[in-house]
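Asks: Following the hints, position chain S against chain W.
Okay, here's what each chain looks like letter by letter:
Protein chains: 2
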Amino acid sequence: MNRFKALEKSEVGFRTPLDEMMRHIKFNDQGLIPAVAQQFDTKEVLMMAWMNRDALQETLDTGRVCYWSRSRGGLWRKGESSGQIQLLKTLALDCDGDTVLMQVDQKGPACHTGRRSCFFYQVDGSEITVNADVLISPDELYKK
Amino acid sequence: MNRFKALEKSEVGFRTPLDEMMRHIKFNDQGLIPAVAQQFDTKEVLMMAWMNRDALQETLDTGRVCYWSRSRGGLWRKGESSGQIQLLKTLALDCDGDTVLMQVDQKGPACHTGRRSCFFYQVDGSEITVNADVLISPDELYKK
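So the sequence lines, in the order shown, correspond to chains W and S. FYI, the numbering for the first sequence is 243 to 386, going by this note's numbering. FYI, the numbering for the second sequence is 243 to 386, going by this note's numbering.
Just chain W, same shape as in the assembly (with noise of 0.2 Å):
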């Protein structure tokens, strides 16, 4: 049985070491993992991108959080580019095994346009409703 189903019925405060259950987790496919980032302070939800196994562990190991890029197909390092940087608060697995859900500290806007958050489109009856302000110009974050 996968360890994390084995598990679900534990109570809080049950431990297991993390290196079995990271043999577990469900990747997709690709490889990837969906990944949410939430303000750990705020709760706000930023942004979901996706992990490979290397940007899961490398997230755990450095505190800064690391995603995969699938278009240009590497290693994401949030804010490598724009200095956006997302500092990890905690992580935590589904029950499943196959989402990662992260209280992180994001410094400035986590989206590529400069809005604090990528869910930015809300939906409001029949149409859709931008509903949140550019806070740097994306040419000034990804300036050379």
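In case anyone wonders, no lab produced these hints; they're calculated from the structure. Worth double-checking, as some hints may not be accurate.
Identical copies go unnamed one by one, so any copy, or any two together, can satisfy a pair.
The list that follows gives simulated cross-link-like pairs (lysine-lysine, PhoX-like), each with its CA atoms no further than 25 Å apart [to be verified]: (1) Lys-385 - Lys-268; (2) Lys-247 - Lys-385; (3) Lys-385 - Lys-331; (4) Lys-385 - Lys-285; (5) Lys-268 - Lys-349; (6) Lys-331 - Lys-285; (7) Lys-251 - Lys-349; (8) Lys-349 - Lys-385; (9) Lys-247 - Lys-349; (10) Lys-251 - Lys-385; (11) Lys-331 - Lys-268; (12) Lys-285 - Lys-349; (13) Lys-268 - Lys-251; (14) Lys-349 - Lys-331.
Note that the coordinates shown come from a computational prediction; the quantities given were computed from them, not determined experimentally.
Replies: Using the frame of chain W, we list chain S on its own:
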């Protein structure tokens, strides 16, 4: 150009028809999009699951959250067997139109284990610890 990309410089309050944006949502190769559910008042992230176009449309039409069950291969009206329904408060799409974030009002546990949230396997140093208790036994939740 993708419509999500085309509108990303818009100011707060900009409005555009939902049905046109719906045509530009990026479902994956299986026709699915990840959907994150957050309790609207406490801001706790409850779960991440998948929607196809029909599930997303039904969720918007009915105000009750409907996912796509990859294991069962069918629409999954959250709470249909457990009674633990999710009422939709607001729904947003992200900058590139490939992730959904919902503010919901979750009745009871969101997780099939009977816990409030699915994200109860928390990394703590070299271990994982279970950080939440079962609120309602799954035997009770899914009784015939």
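Asks: Which hint numbers doesn't this structure obey?
Replies: Result: hints 1, 3, 4, 5 break, sorted rising.
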